[in-house]
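Enquirer: Could you put together the complete structure from these sequences and hints?
One letter stands for each residue in the lines below.
Number of protein chains: 2
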Amino acid sequence: MYNLDTIRKLLIELEDTIIFSIIERGRHNYPIENFATNLKIFCTTYEQNAQIFDYFNTPENIPFFIDLPNKKSIINDEIFNYYITSIAPQICYITNHSLTTDYLKDVNILNLLSKRIHSGLFVAISKFQSDTERYQSLIDKNNSNGIMTLLTDLKTEDAVIERVGKKAEIYANMLNNYQNINYKNFFKKLYFEFIIPLTKEVELNYLLSLKTGLDS
Amino acid sequence: MYNLDTIRKLLIELEDTIIFSIIERGRHNYPIENFATNLKIFCTTYEQNAQIFDYFNTPENIPFFIDLPNKKSIINDEIFNYYITSIAPQICYITNHSLTTDYLKDVNILNLLSKRIHSGLFVAISKFQSDTERYQSLIDKNNSNGIMTLLTDLKTEDAVIERVGKKAEIYANMLNNYQNINYKNFFKKLYFEFIIPLTKEVELNYLLSLKTGLDS
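Sequence lines, in order, name chains A and B. Quick note on numbering: the working numbering labels position 182 of the first sequence as 182, and the sequence is numbered without any gaps. Quick note on numbering: the working numbering labels position 172 of the second sequence as 172, and the sequence is numbered without any gaps.
FYI, nobody ran anything at the bench for these hints, they're computed from the structure. A couple of the hints might just be wrong.
No copy labels: a pair is met if it fits in one copy or bridges any two.
Keeping only pairs whose Cα atoms sit at most 20 Å apart, straight-line, the calculated SDA-like set for lysine to any residue is [said to hold, decoys possible]: (1) Lys105 - Pro31; (2) Lys9 - Leu175; (3) Lys71 - Asp102; (4) Lys184 - Glu15; (5) Lys115 - Leu104; (6) Lys166 - Asn176; (7) Lys40 - Ile109; (8) Lys167 - Tyr178; (9) Lys166 - Asn177; (10) Lys9 - Asn29; (11) Lys9 - Asn173.
Expert: This is how it looks when you write it as C-alpha cells:
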C-alpha cells in the first residue's frame, strides 16, 4: 500500500473520477439559496450511514461533519468551503429558486476530493521510509520549510498538472460542455492551487507528528 | 420537457454518466456476503435523506425502498435485482471477506439506471401527443402488442446501441480496465436486453393508464 508506484496508480485512478464527476456536475443547476446549509445536512446523514458500513475505517476516508475518534481534519473544512465558494459557482448554472438538486453528486465530489487529498498520508509514509534519516532530522528540528522542500518534486507535480489538463479536455469533449467552460485550465488550476498544495499539507502534518520527543 | 429532442438530449447525457460510473465501479471490489442486504439498508437511508430535499418531486425519480404516495414502480425491483445479480458480479472482483465497500457508488448507479428507465414516461407522453388518435384507439382496445409496435423505433434503438458501444470503448480506455472486460459488448448488451426493453415497459404502462373508461 505504501509503495510509491501503487499510491501513484491510486491517485491517477481518483483523478479520472474527480474530473468526470465535476464536469458532469457542471451540467446541472444548483440553488444558491441555503446551498451550504442543505449540503451540510445531506452530507451529515450520508456520513452517519457510511460509518455503519465501515467507510471511515481506512485512513484516507475522513468525515466532514460527524465526530469520530481520531478522525478529524481541518483540511476537510477547507475542502468544503472551496467546493461551495469556488467549484460549484464556477461550473454550475446558479438559480435563485430553491430547486430540487442532486446533493448526492455534491457529496460524491466532496468525498473524492477529501480522499485524494488525504491520500497524501500514504505518500508521506512512503517518502519517509525511503529517506528516513534526512526527514527525521528535519522533523526533530521542527523545520517545516525544510520538510516541504524535501517532499516537493516539481517535475512530478508539473507532469500531474499536464496530464490532468489533457484528461479534462477529453472528458469535457465527451460530456457536451454547454457553458463552454475551459475545463482544461479549470482543472490545471484546481490541481495547482488547491489539490496539490493541500495534499502536501497533509504530508507535512503527518511528518511533523513523527517528532521524537524527550520521552521517547 | 416533453419535446422528443429535449428528452433525447437528456437520455444521451445520462448515457455518459451511466457508462462512466459502471466502468469506474468495476475497478473496485465488492463483498458478496450480505451485499444485497447491506445495499438495501444503505439505499433506504439515502432515500429518506433525498426525500427531505425533494429529490422525488420529479416524475422520473422513484425510490427503490421507501414508501411515497403515487411513487411505486415494480420496475425498480427488476433494476435492483439485475444490478446485484448481473451487473456487479460481472464487473467487480468479488471477495468473500466483508470488506469496506463504497455503497455510495452502487446507490448512484441504481439511481441513474432508474432515472434513465423511468424517463420513458416523457418519451411516451411525447409520442402520444404526436400521434394521439392511433395510440388512443389501441389503448382503448387494451392492445399492448399494438402499442408496443407503434412505439418501437428500431432504427433509433440500433443507433443508441451503437453509440453506447463507442462511448464504452472510449471510457474503458480512459479508465485502465484491469480486468480486461469487453465493455463495448457489455454496454451494448446492457442497453439491448435491459435498459431499452424496461424503458419501453415504462412507456407501455403509462400509455395503458390513459384508457378512457366508461365513466369518462
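Enquirer: Run every hint past the structure and note whether it holds.
Expert: Do the hints match the structure? See the list:
1. Lys105 - Pro31: So Lys105 and Pro31 pass the 20 Å test inside one copy only (14 Å; across, 24 Å).
2. Lys9 - Leu175: For Lys9 and Leu175, only the inter-copy Cα distance (11 Å) is at most 20 Å; the intra-copy one is 25 Å.
3. Lys71 - Asp102: Between copies only: 18 Å across, 27 Å inside.
4. Lys184 - Glu15: This pair counts as within: shortest intra-copy Cα distance 13 Å, inter-copy 23 Å.
5. Lys115 - Leu104: both (16 Å within a copy, 14 Å between copies)
6. Lys166 - Asn176: both (16 Å within a copy, 16 Å between copies)
7. Lys40 - Ile109: Classified as within: same-chain Cα gap 13 Å, cross-chain 23 Å, threshold 20 Å.
8. Lys167 - Tyr178: Close inside one copy (18 Å) and across copies (19 Å); limit 20 Å.
9. Lys166 - Asn177: both (15 Å within a copy, 19 Å between copies)
10. Lys9 - Asn29: Only across copies: Lys9 and Asn29 sit 16 Å apart there, 33 Å inside one copy, limit 20 Å.
11. Lys9 - Asn173: Between. Shortest inter-copy distance 15 Å satisfies the 20 Å Cα cut-off; intra-copy 24 Å does not.
Going through the hint list in order, the structure satisfies each hint without exception.
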